[in-house]
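J.: One line per chain: the protein sequences are U and D, in this order.
To convert, note that position 292 of the first sequence is 291 in numbering that gives the first Met the number 0; the numbers rise steadily by one, no gaps.
To convert, note that position 134 of the second sequence is 133 in numbering that gives the first Met the number 0; the numbers rise steadily by one, no gaps.
Mixed in with the good hints, there may be bad ones.
[What the hints assert, rightly or not] Distance ranges between label pairs, derived from CB positions:
{"id": "1", "chain 1": "D", "residue 1": "Gln284", "chain 2": "U", "residue 2": "Asp147", "range": "50 to 56 Å"}
{"id": "2", "chain 1": "D", "residue 1": "Met105", "chain 2": "U", "residue 2": "Asp285", "range": "51 to 57 Å"}
{"id": "3", "chain 1": "D", "residue 1": "Glu213", "chain 2": "U", "residue 2": "Glu83", "range": "36 to 42 Å"}
{"id": "4", "chain 1": "U", "residue 1": "Ser95", "chain 2": "D", "residue 2": "Lys15", "range": "42 to 48 Å"}
{"id": "5", "chain 1": "D", "residue 1": "Ile283", "chain 2": "U", "residue 2": "Glu83", "range": "28 to 34 Å"}
{"id": "6", "chain 1": "U", "residue 1": "Ile86", "chain 2": "D", "residue 2": "Glu253", "range": "33 to 39 Å"}
{"id": "7", "chain 1": "D", "residue 1": "Asn87", "chain 2": "U", "residue 2": "His288", "range": "35 to 41 Å"}
{"id": "8", "chain 1": "D", "residue 1": "Glu73", "chain 2": "U", "residue 2": "Lys192", "range": "53 to 59 Å"}
{"id": "9", "chain 1": "D", "residue 1": "Lys294", "chain 2": "U", "residue 2": "Lys212", "range": "18 to 24 Å"}
{"id": "10", "chain 1": "U", "residue 1": "Gly179", "chain 2": "D", "residue 2": "Val96", "range": "44 to 50 Å"}
{"id": "11", "chain 1": "U", "residue 1": "Met105", "chain 2": "D", "residue 2": "Asn87", "range": "52 to 58 Å"}
Think of the hints as simulated: they come from the structure by calculation, not from any bench.
On a predicted model such as this, the values are computed, not experimentally measured, just so you know.
For each residue, glycine too, the CB sits at the ideal point set by N, CA and C.
Number of protein chains: 2
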Amino acid sequence: MSSVLVVGSVALDNIKTPKEDHKNLLGGSASYSSVAAGFFAPTKMVGVIGEDFPKEYVELFNSKNVDTEGLVTEKGKTFTWSGEYEINMNNRKTISVDLNVFETFMPHLPASYRSTPYILLANIAPSLQSHVLSQIDSPKFIIADTMDLWIQIAKDDLHKLVKQVDMLILNDSEARDFTGLDNIIKAGHEIMKMGPRYVVIKKGEHGAILFGKEGYFLAPAFPLDEVKDPTGAGDCFAGGLMGYLAQADKHDFETLKKAVIHGTVVASYNVEAFSMRRLKEITIQDISHRANLIKTYSSF
Amino acid sequence: MSSVLVVGSVALDNIKTPKEDHKNLLGGSASYSSVAAGFFAPTKMVGVIGEDFPKEYVELFNSKNVDTEGLVTEKGKTFTWSGEYEINMNNRKTISVDLNVFETFMPHLPASYRSTPYILLANIAPSLQSHVLSQIDSPKFIIADTMDLWIQIAKDDLHKLVKQVDMLILNDSEARDFTGLDNIIKAGHEIMKMGPRYVVIKKGEHGAILFGKEGYFLAPAFPLDEVKDPTGAGDCFAGGLMGYLAQADKHDFETLKKAVIHGTVVASYNVEAFSMRRLKEITIQDISHRANLIKTYSSF
Numbered sequence: 000m001s002s003v004l005v006v007g008s009v010a011l012d013n014i015k016t017p018k019e020d021h022k023n024l025l026g027g028s029a030s031y032s033s034v035a036a037g038f039f040a041p042t043k044m045v046g047v048i049g050e051d052f053p054k055e056y057v058e059l060f061n062s063k064n065v066d067t068e069g070l071v072t073e074k075g076k077t078f079t080w081s082g083e084y085e086i087n088m089n090n091r092k093t094i095s096v097d098l099n100v101f102e103t104f105m106p107h108l109p110a111s112y113r114s115t116p117y118i119l120l121a122n123i124a125p126s127l128q129s130h131v132l133s134q135i136d137s138p139k140f141i142i143a144d145t146m147d148l149w150i151q152i153a154k155d156d157l158h159k160l161v162k163q164v165d166m167l168i169l170n171d172s173e174a175r176d177f178t179g180l181d182n183i184i185k186a187g188h189e190i191m192k193m194g195p196r197y198v199v200i201k202k203g204e205h206g207a208i209l210f211g212k213e214g215y216f217l218a219p220a221f222p223l224d225e226v227k228d229p230t231g232a233g234d235c236f237a238g239g240l241m242g243y244l245a246q247a248d249k250h251d252f253e254t255l256k257k258a259v260i261h262g263t264v265v266a267s268y269n270v271e272a273f274s275m276r277r278l279k280e281i282t283i284q285d286i287s288h289r290a291n292l293i294k295t296y297s298s299f
Numbered sequence: 000m001s002s003v004l005v006v007g008s009v010a011l012d013n014i015k016t017p018k019e020d021h022k023n024l025l026g027g028s029a030s031y032s033s034v035a036a037g038f039f040a041p042t043k044m045v046g047v048i049g050e051d052f053p054k055e056y057v058e059l060f061n062s063k064n065v066d067t068e069g070l071v072t073e074k075g076k077t078f079t080w081s082g083e084y085e086i087n088m089n090n091r092k093t094i095s096v097d098l099n100v101f102e103t104f105m106p107h108l109p110a111s112y113r114s115t116p117y118i119l120l121a122n123i124a125p126s127l128q129s130h131v132l133s134q135i136d137s138p139k140f141i142i143a144d145t146m147d148l149w150i151q152i153a154k155d156d157l158h159k160l161v162k163q164v165d166m167l168i169l170n171d172s173e174a175r176d177f178t179g180l181d182n183i184i185k186a187g188h189e190i191m192k193m194g195p196r197y198v199v200i201k202k203g204e205h206g207a208i209l210f211g212k213e214g215y216f217l218a219p220a221f222p223l224d225e226v227k228d229p230t231g232a233g234d235c236f237a238g239g240l241m242g243y244l245a246q247a248d249k250h251d252f253e254t255l256k257k258a259v260i261h262g263t264v265v266a267s268y269n270v271e272a273f274s275m276r277r278l279k280e281i282t283i284q285d286i287s288h289r290a291n292l293i294k295t296y297s298s299f
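Generate coordinates for the entire structure from the input sequences, incorporating the hints supplied.
T.: This is how it looks when you write it as structure tokens:
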């Protein structure tokens, strides 16, 4: 058993779906990724919150195996994201973004964090992700997650970052944007040429593809007949994946495959309710149960 | 080893992709499905052609384990489909359809066909698919393939048909249209309630989901870094699936899973070239090779 460091955003989310509307939910890439990783291994979180950030959210992190020494409170309000999902839950519209304390965020790692072996750079600006890497001593495995925004406005920073990481995670449309290639199999190989030994292309309800020089791993999604709120699914995927690696304390291709499945499972639970309501309830046994079901559903 | 009966369309296709443009290609649902099934088991084909149908296409069928006693030549021209694919190869536009001899097609089974155990009703009007079933003696397993057109213009006929078949195959958008449900897991279960014991929802490059009371089988697609012409992929999938069942001469859930994989593989070869150019070249050993690769790529 090793441990995970997660850096990313911590947010208060206002989310509207065709059926429900909720405000001031716990959100952000570091929040979801850390809680997801915490199911598997001790997780250290780096982020910034404002003075309005509810104490119970910090308590939730701590109750979920997440060390919040690196979660800094600054004067002002917490980063807020307001978004709306269309009927099919695939298309998301950002209604507003209030950066607040996040605007000047410059992640500084506490001394106790610097030798963490498994580093998850959850979705934030690639320059901040690189800044975290510069403070790390002898990491064992580094994953960066990213999103369309950085491909559009910070492509050079992203190119620099991907040379320093072991794995890049992004979704299918982002992989197409990043490479200019329409075929995602081609796109995955192209991204490997940019630096990372491994690439994971997420395809939402269609699962994910892990690319490595060892070959492919074609991971299905867990079949769900209802999705309540897709927010944080990708962050949970990355967090669960990295948590699994830290728990196993290895990162060979066979372990990476199992890690992808466990990330998939955490994400599948997460989308069953708003914010972290479902993650609050579940245990590692629930996660193992669905991982075994995926094995049954995909073996032949 | 048992045998397969395939009924469907036989066509001359004019196909345009962003890179190529070809005319008078061998096409049609029965053509693709029969050649795909023929890799695994003797296949009897039912269809209609015009006097203009090239002899070498009939010879191709015969060289590929396909019995053409039920392929009737009528006065006039062969059914012709002209279509165009957009750059991503997912969106297809029909430019023209000339039904010709297909307009009055009423499939009549030769006596030697009537006791075929494995019946594949490839994509044609559901009323014709039902008409074929009325001429069959004690079938072991019946599969119907369908398409959006019939859901739109012959929904009642399709509802009647699905009560008589063991498996319905359709793609994800068709499953949504047919059920009015956006979630395809829900849609698959809803279609099972309409009659068929098994449903397969095809998702193109994302694979396919087999639904049965035994559970799910989540089949990946074979990873391809280039698609030259997607025409006939669904027909090859259905044909390969049914051919595999006939070869095994059983249809339990474990055999169905393997059949889905083998259908997937035949489809993956088919899209690598226009018309049947790739299917002409490959052997059952090539098919086994890719089926084993999919096993490697999806095991964990």
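J.: Now, for every hint given, state plainly whether the structure supports it.
T.: Status of each hint after checking the structure:
1. D:Gln284 / U:Asp147: 50 to 56 Å: With Cβ atoms ~43 Å apart, the hint is violated.
2. D:Met105 / U:Asp285: 51 to 57 Å: The hint (51 to 57 Å, Cβ to Cβ) holds, given that methionine 105 (chain D) and aspartate 285 (chain U) are roughly 56 Å apart.
3. D:Glu213 / U:Glu83: 36 to 42 Å: holds (39 Å)
4. U:Ser95 / D:Lys15: 42 to 48 Å: holds (45 Å)
5. D:Ile283 / U:Glu83: 28 to 34 Å: With a Cβ separation near 52 Å, isoleucine 283 (chain D) and glutamate 83 (chain U) fall outside 28 to 34 Å, so the hint is violated.
6. U:Ile86 / D:Glu253: 33 to 39 Å: Roughly 37 Å apart at Cβ, these two residues keep to the hinted range, so it holds.
7. D:Asn87 / U:His288: 35 to 41 Å: Holds - the Cβ-Cβ distance for asparagine 87 (chain D) and histidine 288 (chain U), about 37 Å, lies within 35 to 41 Å.
8. D:Glu73 / U:Lys192: 53 to 59 Å: With a Cβ separation near 55 Å, glutamate 73 (chain D) and lysine 192 (chain U) satisfy 53 to 59 Å, so the hint holds.
9. D:Lys294 / U:Lys212: 18 to 24 Å: For lysine 294 (chain D) and lysine 212 (chain U) the Cβ distance comes to about 20 Å; the hint holds.
10. U:Gly179 / D:Val96: 44 to 50 Å: violated (35 Å)
11. U:Met105 / D:Asn87: 52 to 58 Å: violated (40 Å)
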